[in-house]
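Novice: The residues making up each chain are set out below.
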Amino acid sequence: MRGFLLGLLGAALGAAAVIGATLTFDSPAPPAAVPVSPTFCADALGEVAATWSLVIAPQQTVRGDRDRLTSCEATSEAGDVRLTLTVLAVAGEEGRTVGERSTTALVAACTAIGPAPSDEGCSGPVETADDVVGSAGSFVTTDDAAVVTILFTAPPDQAGATSSDVDRLTRALVDRSVVRG
Amino acid sequence: MWDAEGVNLFAVAAVGVVLGAAASGVAMALVEERADTTTSTAVLSEDMSARQCAIAVPPEAMQTLGILAQPGLTGRNECEVALGSRDILVSRRPLLSGGSAADLPVAARQAFEIACGLLADDTSEVERSPGWLGRGSRACARTPADGTGISEVVLLTNAHSLVEIRVLQLDLPDVEPLHEGLAGLVAAAEVVW
Chain W
1 MRGFLLGLLG
11 AALGAAAVIG
21 ATLTFDSPAP
31 PAAVPVSPTF
41 CADALGEVAA
51 TWSLVIAPQQ
61 TVRGDRDRLT
71 SCEATSEAGD
81 VRLTLTVLAV
91 AGEEGRTVGE
101 RSTTALVAAC
111 TAIGPAPSDE
121 GCSGPVETAD
131 DVVGSAGSFV
141 TTDDAAVVTI
151 LFTAPPDQAG
161 ATSSDVDRLT
171 RALVDRSVVR
181 G
Chain Z
1001 MWDAEGVNLF
1011 AVAAVGVVLG
1021 AAASGVAMAL
1031 VEERADTTTS
1041 TAVLSEDMSA
1051 RQCAIAVPPE
1061 AMQTLGILAQ
1071 PGLTGRNECE
1081 VALGSRDILV
1091 SRRPLLSGGS
1101 AADLPVAARQ
1111 AFEIACGLLA
1121 DDTSEVERSP
1131 GWLGRGSRAC
1141 ARTPADGTGI
1151 SEVVLLTNAH
1161 SLVEIRVLQL
1171 DLPDVEPLHE
1181 GLAGLVAAAE
1191 VVW
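These protein sequences, in sequence, are chains W and Z.
Mapped onto the numbering used here, the consecutive letters of the first sequence carry residue numbers 1 to 181.
Mapped onto the numbering used here, the consecutive letters of the second sequence carry residue numbers 1001 to 1193.
It should be emphasised that the hints constitute simulated quantities derived from the structure, not laboratory data.
Going by beta-carbon spacing under 8 Å, a handful of chain Z positions derived as facing chain W:
#	residue
1	R1109
2	A1111
3	E1113
4	A1115
5	D1121
Chain W residues, not near chain Z, derived (Cβ > 12 Å throughout):
#	residue
6	S37
7	G46
8	A49
9	A50
10	W52
11	S53
12	A116
13	D119
14	D143
15	D144
16	A161
17	R168
18	T170
19	R171
20	L173
Here a beta-carbon is modelled for each residue, glycine too, at the ideal position from N, C-alpha and C.
Build the full structure now, drawing on both the sequences and the hints.
Specialist: This is the structure in structure tokens:
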């Protein structure tokens, strides 16, 4: 009887030790994505907005468990010129690095925009059935931790000029230090 | 120092520790595996069912839009009501697969912002959260100024689903019934997704 009770006590101690160790050491808090500057939208879009006479809407942020999305929008008074910029900051997770997660997000963004992604990202015109109405692009920042997507649309007679601004924004924002808060 | 009975009792206790640790280790592994499966599948998009299709296009909205017919699945994960050259299409866009369910709101918002950013046309009005859709809906819409042609609404539901609604209508007298019908479709989509 004494042996049985000691065996039970031993089993309980062993189970408690394993469960305690698992909860303490095996479930660390998930790493959060690197935050974006609170003035990011104004800083990033200021020059282009001034050129096109666009009004920049307040910066918006959505936080998930680890990822966070910052979105910016600038529109003309008439609403016919619109510049949208999103920064999806991702964090790694068990079994998937930050780079793998950002690549997945880039493929999703490029699929939505249209052009097939390369290692550098994707870019191309925004088209309706009859006209080119803007330019769009998506890329991963140099530290692999964020996917930036730029969408710039305008009436067909002005849409051709959007591609150079999308290229300029891409060059300016691909360095993550520009985006980081 | 140790008699035989003491050694036996120590051995029994030691075996108990080992068995308990092994059993709890297996149990914890199973629990974690189940939790991982739950979070991963939660982010995957499910195919639209016939029942969801029937609810997503209510008769009142069809009547207002002048396209009253039986809704059906197209086979491309879309719900369609077609009447001659007039058409209603409701689809739920796929979101990022994998990852944690807790990051679904971020993935959904990202997809929503891109979809809205791509809504552009040379002949239609593009609006963010238009008043005619009612309060509380996070949506963007592109509607022809005279109510005739292709309309498109992208909706981010409260449950973080991204729904696209397209209507081709050539016979409406003005934009009001179009707005009313689209608002009915948005309200139905909020219920379904």
